[in-house]
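> Sequence:
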Amino acid sequence: MNPYILAALLFGLGLGTTITFASSHWLLAWMGLEMNTLAIIPLMAQHHHPRAVEATTKYFLTQATAAAMLLFASTTNAWLTGQWDIQQMSHPLPITLITLALALKIGLAPVHSWLPEVLQGLDLTTGLILSTWQKLAPFALLLQIQPANSTILIAFGLASTLVGGWGGLNQTQLRKILAYSSIAHLGWMILVLQFSPSLTLLTLLTYFVMTISTFLVFKLNKSTNINMLATSWAKAPTLTALAPLVLLSLGGLPPLTGFMPKWLILQELAKQDLAPTATLAAMTALLSLYFYLRISYAMTLTMSPNTLTGTTPWRLQHSQFTLPLATTTATTLLLLPLTPAVVALLTL
Numbered sequence: 082m083n084p085y086i087l088a089a090l091l092f093g094l095g096l097g098t099t100i101t102f103a104s105s106h107w108l109l110a111w112m113g114l115e116m117n118t119l120a121i122i123p124l125m126a127q128h129h130h131p132r133a134v135e136a137t138t139k140y141f142l143t144q145a146t147a148a149a150m151l152l153f154a155s156t157t158n159a160w161l162t163g164q165w166d167i168q169q170m171s172h173p174l175p176i177t178l179i180t181l182a183l184a185l186k187i188g189l190a191p192v193h194s195w196l197p198e199v200l201q202g203l204d205l206t207t208g209l210i211l212s213t214w215q216k217l218a219p220f221a222l223l224l225q226i227q228p229a230n231s232t233i234l235i236a237f238g239l240a241s242t243l244v245g246g247w248g249g250l251n252q253t254q255l256r257k258i259l260a261y262s263s264i265a266h267l268g269w270m271i272l273v274l275q276f277s278p279s280l281t282l283l284t285l286l287t288y289f290v291m292t293i294s295t296f297l298v299f300k301l302n303k304s305t306n307i308n309m310l311a312t313s314w315a316k317a318p319t320l321t322a323l324a325p326l327v328l329l330s331l332g333g334l335p336p337l338t339g340f341m342p343k344w345l346i347l348q349e350l351a352k353q354d355l356a357p358t359a360t361l362a363a364m365t366a367l368l369s370l371y372f373y374l375r376i377s378y379a380m381t382l383t384m385s386p387n388t389l390t391g392t393t394p395w396r397l398q399h400s401q402f403t404l405p406l407a408t409t410t411a412t413t414l415l416l417l418p419l420t421p422a423v424v425a426l427l428t429l
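Last residue of the sequence shown: 429 in our numbering, with the numbers rising by one and none dropped.
Quick caveat, the hints were computed from the structure, so don't treat them as lab data.
Take these hints with a grain of salt, some might be off.
Stated by the list, open to error - In silico DSS-like links for lysine-lysine, alpha-carbon gap of 30 Å or less: (1) K300 / K257; (2) K300 / K343; (3) K139 / K300; (4) K316 / K300; (5) K303 / K257; (6) K257 / K139; (7) K257 / K316; (8) K257 / K343; (9) K139 / K303; (10) K303 / K316.
The structure presented is a predicted model; accordingly, all values stated were derived computationally and were not measured.
Let's have the full structure, built from the sequences with the hints guiding it.
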């Protein structure tokens, strides 16, 4: 892609999210979301492959549906209450509709089925943008409206953790596995949204760091399915040793960074007398852990045939820029000891 066009699209992507962040009026927020969608579509379709075009079409249709629903709900709110302010939502009907629209935008269960299909059709770089940056604007709106109907949010959260765990069990394609991982993590964030918005934000940020690290590992290895990971030891031995730790952090195992948000969320749910919900969420995390372990096993405990051409790539210098990978991997593995400081910041 032409670098000028790429720069313009990335600028549009950033501008759309920033407009949604800064807006207090529903029309402006909707406009920011639309700019965001329109900026990423050329990036998704840049490889003229039928799968990429199909993924782009599916993404456009779901995002357009969610945006139309958001516009309809905000207009209904203006009709019922006479104001357009995001933080002054009082009527339950538009609040519920907007929550549903934003759930469709980010891919929460039960309106999640577009996400694995879309992610599977994209290359890893665009998939990374879709899994991280594209979640920011809808989350900013969810944090602002603070949906009054807590039952809907808890139902969405539990359904997402369950679907995210169950859906990824039988997958062999890494991008689909990462899509289901995304759904499961979003479920955890939504569960605690109404009780501790700052904790939701912390979970979102740790999810971003862990996901960036995972995507960059797969990108460096040029891997798109589990079988291709078996040759990664020959390409980057050190990275192959660290990658299972990154995946286990994504699964939420102590003593890695990914354990911190899950631990604090379970604690918060227990404080709110939602012990059964916390137990169910913890049980569904085991499902996710299983498919992270599958990937770890494929990377480190299986070896492809030992031919001379298969074992030489590690001697060659990588042409890719690895500083972001090094930074995110270190953050993914080592931040758990900072939990007391994070808790102190959350309670400010």
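> Now look at each hint and say whether the structure bears it out.
Hints and how they fare:
About 15 Å separates the Cα atoms of K300 and K257, which keeps this hinted pair within 30 Å; it holds. For the given pair, K300 sits about 27 Å from K343 by alpha-carbon distance, which is consistent with the 30 Å threshold. For the proposed pair K139 and K300, the alpha carbon gap of about 24 Å is at most 30 Å, so the pair holds. Our distance criterion of 30 Å between C-alpha atoms is met by K316 and K300, whose separation comes to about 12 Å.
Between K303 and K257, the direct Cα distance comes to roughly 16 Å. Compliance with the 30 Å bound is thereby established for this hinted pair. Our distance criterion of 30 Å between C-alpha atoms is met by K257 and K139, whose separation comes to about 15 Å. The hinted pair formed by K257 and K316 meets the criterion: a straight-line CA distance of about 23 Å does not exceed 30 Å. Of the supplied pair hints, the one linking K257 and K343 holds, its CA atoms being roughly 22 Å apart against a limit of 30 Å.
Note on K139 and K303: the hinted pairing holds, with a Cα-Cα distance of about 25 Å set against a maximum of 30 Å. Of the pairs offered as hints, the one joining K303 and K316 holds, with about 10 Å between alpha carbons and a cut-off of 30 Å not exceeded.
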